[in-house]
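Protein chains: 2
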Amino acid sequence: MTGRRTEVREPQQDRSRATRQRLLESTIELLAAHGWAGSTVAEVAEHAGVSRGAAQHHYPTREDLITGALEYMFDSRMAELRGSAAELEAGPRRTLLVVRRVVDHFTGTLFKAALQVWTAAAADEELRARIVPLEAKFGRHAHRTTVEMLGADDADPVVHTLVQATLDMARGLGLADVLTDDSARRDRIVRQWADTLHAALEPGTAARPADR
Amino acid sequence: MTGRRTEVREPQQDRSRATRQRLLESTIELLAAHGWAGSTVAEVAEHAGVSRGAAQHHYPTREDLITGALEYMFDSRMAELRGSAAELEAGPRRTLLVVRRVVDHFTGTLFKAALQVWTAAAADEELRARIVPLEAKFGRHAHRTTVEMLGADDADPVVHTLVQATLDMARGLGLADVLTDDSARRDRIVRQWADTLHAALEPGTAARPADR
Numbered sequence: 354m355t356g357r358r359t360e361v362r363e364p365q366q367d368r369s370r371a372t373r374q375r376l377l378e379s380t381i382e383l384l385a386a387h388g389w390a391g392s393t394v395a396e397v398a399e400h401a402g403v404s405r406g407a408a409q410h411h412y413p414t415r416e417d418l419i420t421g422a423l424e425y426m427f428d429s430r431m432a433e434l435r436g437s438a439a440e441l442e443a444g445p446r447r448t449l450l451v452v453r454r455v456v457d458h459f460t461g462t463l464f465k466a467a468l469q470v471w472t473a474a475a476a477d478e479e480l481r482a483r484i485v486p487l488e489a490k491f492g493r494h495a496h497r498t499t500v501e502m503l504g505a506d507d508a509d510p511v512v513h514t515l516v517q518a519t520l521d522m523a524r525g526l527g528l529a530d531v532l533t534d535d536s537a538r539r540d541r542i543v544r545q546w547a548d549t550l551h552a553a554l555e556p557g558t559a560a561r562p563a564d565r
Numbered sequence: 354m355t356g357r358r359t360e361v362r363e364p365q366q367d368r369s370r371a372t373r374q375r376l377l378e379s380t381i382e383l384l385a386a387h388g389w390a391g392s393t394v395a396e397v398a399e400h401a402g403v404s405r406g407a408a409q410h411h412y413p414t415r416e417d418l419i420t421g422a423l424e425y426m427f428d429s430r431m432a433e434l435r436g437s438a439a440e441l442e443a444g445p446r447r448t449l450l451v452v453r454r455v456v457d458h459f460t461g462t463l464f465k466a467a468l469q470v471w472t473a474a475a476a477d478e479e480l481r482a483r484i485v486p487l488e489a490k491f492g493r494h495a496h497r498t499t500v501e502m503l504g505a506d507d508a509d510p511v512v513h514t515l516v517q518a519t520l521d522m523a524r525g526l527g528l529a530d531v532l533t534d535d536s537a538r539r540d541r542i543v544r545q546w547a548d549t550l551h552a553a554l555e556p557g558t559a560a561r562p563a564d565r
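Heads up: the sequence lines are chains H and Z, in that order. What the first sequence shows, in my numbering, is residues 354 to 565, in sequence order. What the second sequence shows, in my numbering, is residues 354 to 565, in sequence order.
No wet-lab data here; the hints were simulated from the structure. Check each hint, because a few of them may be wrong.
Heads up, the list lumps identical chains together, so a pair's fine if it works in one copy or across two of them.
Calculated lysine to any residue pairs in the SDA-like style (CA-CA distance at most 25 Å, straight line) [what the hints assert, rightly or not]:
no.	residue 1	residue 2
1	K490	G504
2	K490	D535
3	K490	G406
4	K490	D534
5	K490	D367
6	K490	D530
7	K490	R373
8	K490	V531
9	K490	S536
10	K490	M426
11	K490	E396
12	K490	G402
13	K490	H400
14	K490	R368
15	K490	E442
16	K490	E478
17	K490	D540
18	K490	G444
19	K490	P445
20	K490	R541
21	K490	E399
22	K490	A407
23	K490	T533
24	K490	R435
25	K490	H411
26	K490	R538
27	K490	Y425
As the structure is a computational prediction, the values presented were derived from the model and not from experiment.
Could you put the whole structure together from the sequences, leaning on the hints where they help?
See below:
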């Protein structure tokens, strides 16, 4: 799944970086497939083809490994998302593509892995203390990225709140996809939501009553 | 938390019903607070003040207990929701109250308990086979209840899909409330979405383009 680098005399720094990346990717894969209980440092190290000692050298505790994996994967995915929207022209089609990409993000392996960690943290005070700042950072970052992709004016409180609602809906669609393939139903919702959102983002429509 | 019935010569049938109810309520409380791993039959029986033998008489396996608890609590909550909307007059205020009550449902203890079960089922094939039909039933039932509360025409595909989107958004708001109190942010989203939904449910508005 993660190709082992084979260059002769690979510099130490590159080898360390490749080892860390294999560990972080394996962590996300194992969390999504086997849950919190099935993602110990030993299991991640074995899945990544790294010795347990090497894994612990890079990530002394399981919490370090798991929060490191979530941050690394989240940052990569957000950079991809931003890149993917750079060339889109304004209009209903851009809104649809942005909603679709944001929803795709919340139905991917990273969301499924994060869900296992969030859920474990709900019943574990120590883990919760590590995860809450991470969740807040992810929330802010996802919001900013979605605003940029939509080319929307986040200073407008209606826009700000509808972008948040879009992210909450995407999170809900992610949850609906955890046990079964929800893609057909999801596609109808994404199209309808994009229509409704696009209309609501236009000033002066019925979807933007001035009295609230 | 669940008062023990103290009547003398309480008929056997009533005692059994009260025992089952205590077990089901304790199951939901323990799942929400301590997660899947902290909700064995023994722990639930102890929390409910019921002997382990009596618990196993009513619910032979942990899966029987947990699916029984989810069904019982879900059915009660849906009946409450329907009852709470019976007296509301049509208009924007009804839409707001309905969205708020649906979102309240997804941020309550039952949702937090169900989340623990759904997440455990993601990494457990046998449990998943028990949970998938339950999730489908809950989804249909919540949809029908929301349509009734809104007094909406579910035969209209736009209405049908926007009600689904509302439930997905509510599920996402539920997830956002698992680790921290998200109520202030959530209230803004509920108000904005109720406005947008109400406008979109009115035929002939910009939020209902005819071309899709």
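Hints, verified against the model:
In this homomeric assembly, K490 and G504 come within 25 Å of each other (Cα to Cα) only inside a single copy, at 21 Å, whereas the closest approach across copies is 39 Å. For a Cα distance limit of 25 Å, the shortest separation of K490 from D535 across copies, 15 Å, qualifies, whereas the shortest one inside one copy, 28 Å, does not. Neither within a single protomer nor between protomers do K490 and G406 lie at most 25 Å apart by alpha-carbon distance, with minima of 31 Å and 48 Å respectively. With identical chains, the CA atoms of K490 and D534 are at most 25 Å apart between copies only, with a shortest distance of 16 Å across copies and 29 Å within one.
Proximity of K490 to D367 under the C-alpha cut-off of 25 Å is found in neither arrangement, the shortest distances being 28 Å within a copy and 51 Å between copies. Taking the shortest Cα distances, K490 and D530 sit within 25 Å of each other both inside one copy (24 Å) and across copies (15 Å). When the C-alpha separation of K490 and R373 is checked against a cutoff of 25 Å, the pair qualifies only within one copy, where the shortest distance is 22 Å, while the shortest distance between copies is 43 Å. Proximity of K490 to V531 under the C-alpha cut-off of 25 Å is found in both arrangements, the shortest distances being 23 Å within a copy and 16 Å between copies.
In the homo-oligomer, the alpha carbons of K490 and S536 lie at most 25 Å apart only across protomers (18 Å), although the nearest pairing inside one protomer, at 28 Å, exceeds that limit. For a Cα distance limit of 25 Å, the shortest separation of K490 from M426 inside one copy, 13 Å, qualifies, whereas the shortest one across copies, 34 Å, does not. For the identical chains of this complex, K490 and E396 are neighbours neither inside a copy (28 Å) nor across copies (36 Å), given an alpha-carbon limit of 25 Å. For the homomeric pair K490 and G402, neither the shortest alpha-carbon distance inside one copy (31 Å) nor that between copies (42 Å) is at most 25 Å.
Taking identical chains as interchangeable, the C-alpha atoms of K490 and H400 are never at most 25 Å apart, the minima being 29 Å within one chain and 37 Å between chains. Within a single copy, K490 and R368 get their C-alpha atoms no closer than 29 Å, and across copies no closer than 51 Å, so neither meets the 25 Å cut-off. In this assembly of identical chains, K490 and E442 lie within 25 Å of each other by CA distance neither inside one copy nor across copies; the values are 29 Å within and 41 Å between. With identical chains, the CA atoms of K490 and E478 are at most 25 Å apart within one copy only, with a shortest distance of 19 Å there and 33 Å across copies.
Proximity of K490 and D540 under a CA criterion of 25 Å is satisfied inter-copy only: 21 Å between copies versus 28 Å inside one chain copy. In the homo-oligomer, the alpha carbons of K490 and G444 never lie at most 25 Å apart, since the shortest distance is 29 Å inside one protomer and 38 Å across protomers. Taking identical chains as interchangeable, the C-alpha atoms of K490 and P445 are never at most 25 Å apart, the minima being 29 Å within one chain and 34 Å between chains. Proximity of K490 and R541 under a CA criterion of 25 Å is satisfied inter-copy only: 20 Å between copies versus 30 Å inside one chain copy.
For the identical chains of this complex, K490 and E399 are neighbours neither inside a copy (30 Å) nor across copies (40 Å), given an alpha-carbon limit of 25 Å. Taking identical chains as interchangeable, the C-alpha atoms of K490 and A407 are never at most 25 Å apart, the minima being 29 Å within one chain and 47 Å between chains. With identical chains, the CA atoms of K490 and T533 are at most 25 Å apart between copies only, with a shortest distance of 13 Å across copies and 29 Å within one. Proximity of K490 to R435 under the C-alpha cut-off of 25 Å is restricted to the intra-copy arrangement: shortest distance 17 Å within a copy versus 38 Å between copies.
Taking CA atoms no more than 25 Å apart as the test, K490 paired with H411 passes inside one copy only; the shortest distance there is 23 Å, against 46 Å between copies. Proximity of K490 and R538 under a CA criterion of 25 Å is satisfied inter-copy only: 15 Å between copies versus 30 Å inside one chain copy. When the C-alpha separation of K490 and Y425 is checked against a cutoff of 25 Å, the pair qualifies only within one copy, where the shortest distance is 13 Å, while the shortest distance between copies is 37 Å.
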